[in-house]
Amino acid sequence: MYQGAPRELQRLSDTRWACRYQACKNIKDRLPAVLRVLHDTDVENRGERSVEARGLLAQLDLTFIGTLVIFSKVLGEAKFLADMLQSTSLDLAKAVDLVDFSISRHPPRPKK
1057 MYQGAPRELQ RLSDTRWACR YQACKNIKDR LPAVLRVLHD TDVENRGERS
1107 VEARGLLAQL DLTFIGTLVI FSKVLGEAKF LADMLQSTSL DLAKAVDLVD
1157 FSISRHPPRP KK
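Going left to right, the sequence shown walks through residues 1057 to 1168 as our numbering numbers them.
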């Protein structure tokens, strides 16, 4: 169904942005395949597997997809920032500039 190497979901780490970003990216990139597998599992099986597949399908709505897209973007930026901050060639002044730039890309919303 997809070209390129197969992708697998990895066990999430509580502290690694890269793991969370990669998991979101994999689901986002392969969402049609995930939906198809869940649909096929629902149709071709009975009992618990079918119920679980149907339950997951019900949760993969427009809100989920929107949240997935937003999280992929935010976690991608957090991963980039974390990678840059771990660079051995980055000095303190560049690190401060990088963090300031990242923050400035997401100004706070005005309070209502």
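Keep in mind that the hints were calculated from the coordinates and are not lab data.
Errors might be hidden in some of the hints.
[As the list claims (entries may be wrong)] Calculated pairs, EDC-like style, for lysine to aspartate or glutamate (alpha carbon to alpha carbon, straight line, at most 16 Å):
id	residue 1	residue 2
1	K1084	E1108
2	K1150	D1139
3	K1129	D1085
4	K1081	D1153
The structure presented is a predicted model; accordingly, all values stated were derived computationally and were not measured.
These are the hints, each one checked on the structure:
With a C-alpha separation of about 20 Å, the suggested pair K1084 and E1108 falls outside the 16 Å cut-off, and the hint is violated. Straight-line distance between C-alpha atoms of K1150 and D1139 comes to about 13 Å, which keeps the hinted pair within the 16 Å bound. For the suggested pair K1129 and D1085, the alpha carbons sit about 13 Å apart, so the restraint of at most 16 Å is met. For the hint linking K1081 to D1153, the alpha-carbon distance of about 27 Å lies beyond 16 Å, and the restraint is violated.
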